[in-house]
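Start from the sequences, fold in the hints, and give me the full structure.
Residue numbers (the working numbering), protein chains in the order written: chain F, -17 to 299; chain W, -17 to 299.
Bear in mind the hints are in silico, worked out from the structure with no lab data behind them.
Values in this document were obtained by computation on a predicted structure and should not be read as measured data.
You may find that some hints are simply not true.
The list cannot tell twin chains apart, which means a pair is met if one copy fits it or any two copies do.
[Claimed, not checked] Distance condition first, Cα-Cα at most 16 Å in a straight line; then the derived EDC-like pairs of lysine to aspartate or glutamate:
1) K278 with D61
2) K247 with E275
3) K278 with E223
4) K247 with E142
5) K278 with D251
6) K247 with E269
7) K278 with E290
So the chains spell out like this:
Number of protein chains: 2
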Amino acid sequence: MPPARDPATLYRAATQGDRAALGRLLSLVERGGGPARQVGRLSFAAGQAEHVVGITGPPGAGKSTLTDRLITEVRARTDAPVGVLAIDPSSPFSGGAILGDRIRMQSHALDPQVFVRSMATRGHLGGLALAAPEAIRVLAACGRRLVLVETVGVGQVEVEIAGAADTTVVVVNPGWGDAVQAAKAGLLEVADVFAINKADRPGAEETRRDLEAMLDMNMHMGAWRPPVVTCVAATGDGVPELWTSIHDHRSYLQDSGELVVRRQKRLLDELHRVLIANLEHQAQTAEQGDRWEQAKTALLKREVDPYEAAEALSTTK
Amino acid sequence: MPPARDPATLYRAATQGDRAALGRLLSLVERGGGPARQVGRLSFAAGQAEHVVGITGPPGAGKSTLTDRLITEVRARTDAPVGVLAIDPSSPFSGGAILGDRIRMQSHALDPQVFVRSMATRGHLGGLALAAPEAIRVLAACGRRLVLVETVGVGQVEVEIAGAADTTVVVVNPGWGDAVQAAKAGLLEVADVFAINKADRPGAEETRRDLEAMLDMNMHMGAWRPPVVTCVAATGDGVPELWTSIHDHRSYLQDSGELVVRRQKRLLDELHRVLIANLEHQAQTAEQGDRWEQAKTALLKREVDPYEAAEALSTTK
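Written out as structure tokens, the structure reads:
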């Protein structure tokens, strides 16, 4: 008998602990389209993880190794099942995925309580920013009460995916000064915890001071001030303290009532992105066919400007 | 008599050399809406600059000072009128504009052949990425055959605005290693010329080697290999050589026929952005009123998932 492929059967099997079925469900989510929608509907009601932790930062900061260590730390503290999503967005320009050294996370491959899954750009509009929250819900619905989401890079998509987490850890390295300046607009505001990884290298203290100084200037901070934790993922130094900070943030969210507020905001953000993706699909449709060719020709002949061309494409046939 | 405000009168005056009228036209473009559309229509046919040069790079790289020096260099070589747009995008998170030291460009304030204008985020959808090409056309239609466009930062919007230029100069500083790694996905692909500014600081040669090595790896390069020029904007050292590289790139575009191809692609990109902005406006409309409140409530009660909520909002009343 070939393995079941229909979402309902896969979902039933996955919720009963079938790892292969869980993997196939996530593949469906990744690919998008009708089956992904079915998986989404099946997992929505039950798909609330206890804690979703996002791990982001510039390429090369050591996020994979750190995620691997965090899994070890979590497994030493609890027997609860852990889900890990490693997200590899493609560069919008080069088309090539920045592949991390995911292979290291295979150190948990034999642990039945750990499920690691890489996701690449899925082949339809909206891409990973839409797929990630769905994949998190699938993992949660299948009993993974803790979900770690690791994203590569610091672009808009990564910031959006980080926004799908309850707690976002921003990983930086010593001597990151200039990059901080370049990226701070996006990262300061999403960080709940800063991890200075490779802290055995020179400059860790300066980087901590830089981050603390930036936090001092941040007017938009609520009652939680993101702690700055130093660690060395390669050796495991500082990782217990990092996990304690992450855990403290979860307690803060719970106690302050912010957890509910954040999760509601996230759902509305997701609805907004789905609306935009649907509209972009309409735009794609507008950009083909005879009317498109006519509008394009008129624009390139400079007979109409882009706004007039858009108007011609928007009016009903 | 109060100054004329209607676009047609302003446009006539601006094309006849009235600087105040040109400033007001650009304000209309910045504000968006109906008057901006009128300005767009008026300037579209005549609005083709001979050369649009984009200047981008991380905050603090010295782009304003370098732009100022490039104006001096251009003015020493030719008497043609120059238009300068200095674009200040706001951070999507903090809402605050990163203000450069624009004031330095006031060294050309008394030169009637130089027109400098700062633009901030305009208050409607699409924002600067839509306003910038329109503002460039207005400057071109008013006789500014050379237009320099300086953008702050290295985000998606800046990359899009840089894409509105014929020649894009990416400004970096010595010792920029990590930031290069973080940002290279976006910047390597848009750079036509690299300027290593503040090259009197240590590390300029290493940075040049890094950039050249990255260029060696870039498979997507056409016949033009972006030159890497060192300069010191504060003293003017290397600025004549930088301008020569920029000018060489313009000649390359002309001779290879790529100028026409690039400009056509830009117009189609602009049409695409206008279509998306129109659709986003529709999404905004969908996100208000009774139907929105109903969909939102059902989603937050987790009775429907984001896709079902979006579907309910998209179906005709």
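A quick look at each hint next to the structure:
no. : hint           : verdict
1   : K278 with D61  : neither (60 Å within a copy, 36 Å between copies)
2   : K247 with E275 : between (41 Å within a copy, 14 Å between copies)
3   : K278 with E223 : neither (58 Å within a copy, 39 Å between copies)
4   : K247 with E142 : within (13 Å within a copy, 29 Å between copies)
5   : K278 with D251 : between (34 Å within a copy, 11 Å between copies)
6   : K247 with E269 : between (33 Å within a copy, 14 Å between copies)
7   : K278 with E290 : within (11 Å within a copy, 34 Å between copies)
Checked against the numbered hints given earlier, this structure breaks hints 1 and 3; the rest are met.
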